[in-house]
Amino acid sequence: METCAEDEVQVKLLGGSTSPFVLRVRIALALKGIHYEFIEETMRPKSDLLLQSNPVHKKIPVLIHNGKPVCESMIIVQYIEEAWDNKAPNLIPKDPHDRAIARFWAAFIDDKLGPCIRGVFRGVGDEKQKQVEESVANFLVLEEALRTNPCFSGKLYFGGDEIGFVDIALGGWLAFVKALEKGTDSVLIDAEKMPLLSAWMDRFCEADGVKEVMPDPVKLVEFICATRVKFASLAAAN
Amino acid sequence: MATEGEKRQVKLLGATLSPFVVRVRIALALKGIDYEFIQENLKTKSELLLQSNPVYKQIPVLVHNGKPVCESMIIVQYIEEAWSNKARNLIPKDPYDRAIARFWAAFIDNKIFPSLRGVFTGQGEQLQKAVEDSVTNFLLIEEALRTNQCFAGKAYFGGDQIGLVDIALGGMSTFIKAVEKATETILIDPKKMPLLTAWMHRFCKSDGVKEVMPDPVKHAEYISARRATMISPPTAN
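Quick note, the sequences are listed as chains A and H, same order.
Sequence positions in the first sequence follow our numbering and run 5 to 242.
Sequence positions in the second sequence follow our numbering and run 58 to 294.
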């Protein structure tokens with residue numbers, strides 16, 4: 005269809021198949037029904053297009069819309085919402101206070117939770133255990149928010165009836181977290197201690213728009229295990 | 058009176074020297090919003106602070122009609138959106154320009170501030186590395202001012218007027234200068250960073266900003282005193 009082809013040419017996403025940050029963007033694009041060209045970045049070496057589009061950080065994802073690059077996953081998600089604001093669903097609330105709450109929790113996920121999850125990924129022994137404990141503590145904060153925050157409690161998603169900004173911020177991590185749990189033999193999202201978060205997780209992963217873009221869990225576990233072996237041998241060599 | 062009513066409706070929990078609080082004060086000043094400033098003592102945090110920001114227990118917190126908003130740049134965006142009809146606009150209208158503004162505000166929070174904090178708290182080799190990182194980061198900003206189409210040739214990152222990125226970086230101005238003084242280092246070198254230097258000078262003198270900027274002398278004294286306590290370990294825990 006003409007519209008789809010036009011869209012596809014105008015929108016490119018530089019990304020990889022294992023990155024939770026790329027997954028966030030793919031979910032947002034899928035929910036908005038935006039067609040795009042996915043350009044797989046091997047990262048070794050980084051492509052010229054990546055280096056030109058994101059000279060400051062040289063990282064994926066990068067969204068290129070009509071030749072103009074947008075970087076940083078949650079900034080890209082806000083951009084997608086605003087550049088296609090006439091396309092349902094809306095990913096970000098309209099009310100300024102609700103937006104501030106959504107941004108707050110997305111920032112919590114990036115500033116507090118993300119680093120701990122990465123710490124489990126890279127860590128060994130005691131350090132890994134510490135990062136597992138901190139990850140669990142941060143997930144418990146989210147469980148508490150689901151339970152008591154008037155914006156979220158009793159609703160299907162952090163975004164209300166539909167997936168929104170915070171769902172995408174956290175949801176992008178889910179496949180990686182599940183694979184990490186398998187690959188490191190640890191429990192980060194405990195169904196007994198975090199019933200609301202677990203239920204949300206199942207609901208999110210089954211949702212239209214999300215399930216189609218989720219990475220292959222088997223491949224993700226393989227990737228995580230292989231990379232952890234590399235980290236361990238690098239650490240041993242030092 | 059509308060102003061008195063408005064003042065009750067808008068409270069800012071903060072401390073005068075915090076660069077994050079300064080950011081919010083600048084945004085409120087530029088929008089002409091009256092508010093009650095509640096000075097927080099960070100050693101004994103108030104009930105209001107603990108209730109309003111239970112996750113981080115940090116300032117600034119804006120409380121608007123009883124509802125708290127936390128995290129300085131989130132507060133600035135909230136101020137823009139809740140008072141969107143009030144000139145001036147702090148955030149561009151165009152989605153792409155917004156994305157660029159948010160990118161650089163995030164760079165300031167995720168790269169510049171941590172390296173500054175490293176200088177503030179660092180000693181010896183750690184200090185040296187933090188200084189190098191800070192200079193590298195500031196040079197990236199200088200480069201952006203020079204070559205990024207959104208910024209090049211303009212008075213501010215926001216164009217003709219102060220915007221989101223100006224507030225994000227400019228709020229740190231006296232903190233940066235205080236840290237330079239306390240560590241006897243140069244982080245923003247006028248020779249290597251002429252555009253950034255000119256921008257900072259322009260920013261600090263502008264209406265709305267100059268009235269809320271901390272006293273640089275007081276800020277420098279405070280930072281030096283804090284560093285002195287870090288260098289000599291406390292005698293009792």
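In case anyone wonders, no lab produced these hints; they're calculated from the structure.
There's no promise every hint is true.
As the list claims (entries may be wrong) - Beyond 12 Å from chain H on every Cβ pair, some chain A residues (computed):
1) I43
2) P73
3) E85
4) A110
5) A111
6) A149
7) V181
8) F227
Stated by the list, open to error - Simulated restraints on C-beta separations:
9) D130(A) / A144(H): 29 to 35 Å
10) G89(H) / V60(A): 49 to 55 Å
11) L53(A) / P251(H): 40 to 46 Å
Backbone N, C-alpha and C fix where the C-beta goes; we use that ideal spot for every residue, glycine too.
Hint-by-hint comparison with the structure:
1. I43: Fine: 19 Å to the nearest Cβ keeps I43(A) off the interface.
2. P73: violated, 9 Å
3. E85: violated, 9 Å
4. A110: violated, 9 Å
5. A111: violated, 6 Å
6. A149: violated, 8 Å
7. V181: It holds; V181(A) is separated from chain H by about 20 Å at its closest Cβ, greater than 12 Å.
8. F227: With a cut-off of 12 Å, F227(A) remains clear of chain H, as the shortest Cβ separation is near 26 Å.
9. D130(A) / A144(H): 29 to 35 Å: With Cβ atoms ~56 Å apart, the hint is violated.
10. G89(H) / V60(A): 49 to 55 Å: violated, 34 Å
11. L53(A) / P251(H): 40 to 46 Å: violated, 32 Å
Hint compliance for this structure: hints 2, 3, 4, 5, 6, 9, 10, 11 are not met, and every other hint is.
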